[in-house]
Amino acid sequence: MDALLLQVLNGIDKGSAYALIALGLTLIFGTLGVVNFAHGALFMIGAFCAVTMQRILTLSYEVVDPTRTDFLGQPLKVAVPYVEKFLGESAGAAIIDWAVPISILLAVPFMIFIGFAMERGLIKHFYKRPHADQILVTFGLAIVLQEVVKYFYGANPIPTPAPDAFAGSFDFGAMLGMEAGNIIYPYWRMVYFFFALAIIGAVFGFLQFTTFGMVVRAGMADRETVGLLGIDIDRRFTIMFAIAAVVAGVAGVMYAPINSPNYHMGMDFLVLSFVVVVVGGMGSLPGAVAAGFLLGILESFASMAAVVEFLPGINQIIIYLVAIIILLTRPRGLMGRKGVMED
Amino acid sequence: MFGLNKKDSVLFVLVLFLTMCAPFLLNPFPQGSELAQFNAGYPDLMQRFVIFGIFAIGFNILFGLTGYLSFGHAAFLGVGSYAGVWMMKLLTMNVIPAIMISVIVAGLFSVLVGYVSLRRSGIYFSILTLAFAQMSFSLAYSVLTPITNGETGLQLNLDDPRILGVSEVNGSIPPPNLFGLSLRDSAEMTFGNWVFTFNTGYYMCAVLMLIAFYISIRIFRSPFGMMLRAVKSNQQRLNYTGLNTKPYTLAAFVISGMYAGLAGGLMVAMDPLAGAERMQWTASGEVVLMTILGGAGTLIGPVLGASFIKYCENIFSKINDNILHQWFAFMPDGIEDVIVFLVHPFVGKGWHLTLGLMFMLVVIFLPGGLVEGGQRIGRLFRRRKPDAASDASQTKPAE
Chain F
818 MDALLLQVLN GIDKGSAYAL IALGLTLIFG TLGVVNFAHG ALFMIGAFCA VTMQRILTLS
878 YEVVDPTRTD FLGQPLKVAV PYVEKFLGES AGAAIIDWAV PISILLAVPF MIFIGFAMER
938 GLIKHFYKRP HADQILVTFG LAIVLQEVVK YFYGANPIPT PAPDAFAGSF DFGAMLGMEA
998 GNIIYPYWRM VYFFFALAII GAVFGFLQFT TFGMVVRAGM ADRETVGLLG IDIDRRFTIM
1058 FAIAAVVAGV AGVMYAPINS PNYHMGMDFL VLSFVVVVVG GMGSLPGAVA AGFLLGILES
1118 FASMAAVVEF LPGINQIIIY LVAIIILLTR PRGLMGRKGV MED
Chain B
3 MFGLNKKDSV LFVLVLFLTM CAPFLLNPFP QGSELAQFNA GYPDLMQRFV IFGIFAIGFN
63 ILFGLTGYLS FGHAAFLGVG SYAGVWMMKL LTMNVIPAIM ISVIVAGLFS VLVGYVSLRR
123 SGIYFSILTL AFAQMSFSLA YSVLTPITNG ETGLQLNLDD PRILGVSEVN GSIPPPNLFG
183 LSLRDSAEMT FGNWVFTFNT GYYMCAVLML IAFYISIRIF RSPFGMMLRA VKSNQQRLNY
243 TGLNTKPYTL AAFVISGMYA GLAGGLMVAM DPLAGAERMQ WTASGEVVLM TILGGAGTLI
303 GPVLGASFIK YCENIFSKIN DNILHQWFAF MPDGIEDVIV FLVHPFVGKG WHLTLGLMFM
363 LVVIFLPGGL VEGGQRIGRL FRRRKPDAAS DASQTKPAE
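First to last, the sequence lines map onto chains F and B.
Note that the numbering used here numbers the first sequence so that position 19 is 836, with each residue one more than the last.
Note that the numbering used here numbers the second sequence so that position 235 is 237, with each residue one more than the last.
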């Protein structure tokens, strides 16, 4: 029981990331009918927003501290961040500590901008082109974005710690009244899970309970008719693209403490997220989310020592294997709709 | 000639001429001159031209004719490489068994992958092939380490059995050979300041590429090729007429997989090691790019695309800031620094950025690739009627 629960918990943080990226991919696919290979790059850019915010907040100047000396006997130079200078030491330190959550403030406008720029500047011209062209051009864009980030931030992973309040782990098992010490789980992963749930809930709520969302859903079902009713559906779809970009971006921001951001993290997630979308069913939002969590948990179960001993290497390929089986037995995916990308 | 019509014969002779005279053509600048860094006539690079040419020709048979976009073709190249190295470890350093087994193993593997993947088409096919390739990549890194040697890559050792050959010669691993002819041997010809290198390995690869190219022409012009084109333009209609397209697409898939295996085997023959990174999906993306850049669905396109990309990769990644400063030295200092600063991100380590940009520009503006670009320029000069039906068969861009 303990072991099972532990694996479920281990799976949900990766599953959350898969679900968020797959949600964005499905949104874009469902609205614009475009296969976006650059979505992983958006996730990566989000993570680097956190890095950037951290760097901005820790911009500092040097003061000489005459009371202390460094190892050469000279007066020690201490770096003082500007935030601490302007806001006082404790408030400044707290802000620096909370750099990752604060970066959401930077990431949201930035991702909206990127989303708009991408859709208006590039994707717009590819609605009528075959899917192969869409895949190829967004693949090229992904390479470009990745290389630009690499140019500015280097190729090494950049550690981006979570706030101290969430730094450690807690004993999840003891909380549920089980034997203590069996299920230790890091705080931040729990935070990430609830954050993902909140974002997913917000997107679904937005689509389900607002007029805007209603129009978008109508447009997903029958774009032409909605257009004929005099609604500027293209504009709304552009906004949906920006929303999808924001979802990927904030998913990346919050993921930064779990896995230090490097320039190719987007590509690594992208392939898996595509598999998730296919398993969930092209164009089905609940399918994407469900498949994201499902595959995340499945992956963590496959990494259990007992399983790996029995079937070596299964943890590396389980997701692809599941995808192949699903595609061959249930071509529409778990919750795919009829008529969406049937061929 | 050899069952080719006149136009194809001309094309074939042209490619024959280009590959055979490549050591001359690619070395237009004398040694030691300023421009010598643009020379491409050294064996290593020329070998890569033709090997990746073979890879792209094979990919084009699948993508250009049937329109199925495979994102996992590098897996076949990787599998072929591993098989080739094993042959060299176990049997002999003669490259013939290695190349043959590469083709066979890659072919068998592609039967397996193709049989499953071809049940779906469109984007699902792309994702299935991608999944298979990523699976092989992960397996090569983890469980299959006894076969693939994991991250280190599979290499030759001194104590390998090599039952048909010798394990070692004077304490070192014998070089790959073709019936005793070492593939690393080169003849050099000096003419004034020019140095031309004729490498045995290159010529072996070139001959194989010519054969591959010839087969590809024959496939393009055969009834089988017509059927593949029909699959591309309207598969549904073919199905409605009661025709099962699966054997045709599977055959195309396996043929292109075998081409990839041949390329993998040749890579091993030139440099006997194999690593898992050859199977990564970025490597698959590269061959897609080569084909698109040259012109998918055309005969000569993939060869052009492969050489173009490998040449640019080589040249761009060699350029550094010092060279840039030399180039722009004629400008005033301030402007020179600005220009070097602007160009800097695109060269040297930034080659991938240029590659990505090139990729996007080609897909956006020139979906038919270099071949279409050439035709557009040609049309501009000749002012011919646009509906010249004669070359319609050759200019079909990929979909």
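Do not take every clue at face value.
In silico lysine to any residue, SDA-like type, Cα no more than 20 Å apart, as pairs [what the hints assert, rightly or not]:
no.	chain 1	residue 1	chain 2	residue 2
1	F	Lys-941	B	Val-345
2	B	Lys-8	B	Arg-223
3	B	Lys-248	F	Pro-1148
4	B	Lys-91	B	Lys-8
5	B	Lys-234	F	Pro-947
6	B	Lys-234	B	Leu-363
7	F	Lys-967	B	Arg-223
8	F	Lys-941	F	Tyr-1002
9	F	Lys-945	B	Lys-248
10	F	Lys-945	B	Lys-234
11	F	Lys-945	B	Gly-194
12	F	Lys-941	B	Lys-234
A few chain F residues facing chain B, derived, Cβ under 7 Å [to be verified]:
no.	residue
13	Asp-819
14	Leu-823
15	His-948
16	Ala-949
17	Ile-960
18	Gly-985
19	Asp-988
20	Phe-989
21	Ala-991
22	Val-1088
23	Leu-1128
24	Pro-1129
25	Gln-1133
26	Tyr-1137
27	Val-1139
28	Ala-1140
What the hints contain is simulated information worked out from the structure, not anything from laboratory work.
Keep in mind that this is a model prediction, so the values were computed, not measured.
Every residue, glycine too, gets a C-beta built ideally from N, C-alpha and C.
Verification of the supplied hints:
{"no.": "1", "hint": "F:Lys-941 <-> B:Val-345", "in the structure": "29 Å, violated"}
{"no.": "2", "hint": "B:Lys-8 <-> B:Arg-223", "in the structure": "13 Å, holds"}
{"no.": "3", "hint": "B:Lys-248 <-> F:Pro-1148", "in the structure": "17 Å, holds"}
{"no.": "4", "hint": "B:Lys-91 <-> B:Lys-8", "in the structure": "45 Å, violated"}
{"no.": "5", "hint": "B:Lys-234 <-> F:Pro-947", "in the structure": "12 Å, holds"}
{"no.": "6", "hint": "B:Lys-234 <-> B:Leu-363", "in the structure": "24 Å, violated"}
{"no.": "7", "hint": "F:Lys-967 <-> B:Arg-223", "in the structure": "45 Å, violated"}
{"no.": "8", "hint": "F:Lys-941 <-> F:Tyr-1002", "in the structure": "44 Å, violated"}
{"no.": "9", "hint": "F:Lys-945 <-> B:Lys-248", "in the structure": "28 Å, violated"}
{"no.": "10", "hint": "F:Lys-945 <-> B:Lys-234", "in the structure": "18 Å, holds"}
{"no.": "11", "hint": "F:Lys-945 <-> B:Gly-194", "in the structure": "56 Å, violated"}
{"no.": "12", "hint": "F:Lys-941 <-> B:Lys-234", "in the structure": "25 Å, violated"}
{"no.": "13", "hint": "Asp-819", "in the structure": "27 Å, violated"}
{"no.": "14", "hint": "Leu-823", "in the structure": "22 Å, violated"}
{"no.": "15", "hint": "His-948", "in the structure": "5 Å, holds"}
{"no.": "16", "hint": "Ala-949", "in the structure": "5 Å, holds"}
{"no.": "17", "hint": "Ile-960", "in the structure": "3 Å, holds"}
{"no.": "18", "hint": "Gly-985", "in the structure": "31 Å, violated"}
{"no.": "19", "hint": "Asp-988", "in the structure": "32 Å, violated"}
{"no.": "20", "hint": "Phe-989", "in the structure": "29 Å, violated"}
{"no.": "21", "hint": "Ala-991", "in the structure": "35 Å, violated"}
{"no.": "22", "hint": "Val-1088", "in the structure": "6 Å, holds"}
{"no.": "23", "hint": "Leu-1128", "in the structure": "9 Å, violated"}
{"no.": "24", "hint": "Pro-1129", "in the structure": "5 Å, holds"}
{"no.": "25", "hint": "Gln-1133", "in the structure": "4 Å, holds"}
{"no.": "26", "hint": "Tyr-1137", "in the structure": "4 Å, holds"}
{"no.": "27", "hint": "Val-1139", "in the structure": "10 Å, violated"}
{"no.": "28", "hint": "Ala-1140", "in the structure": "5 Å, holds"}
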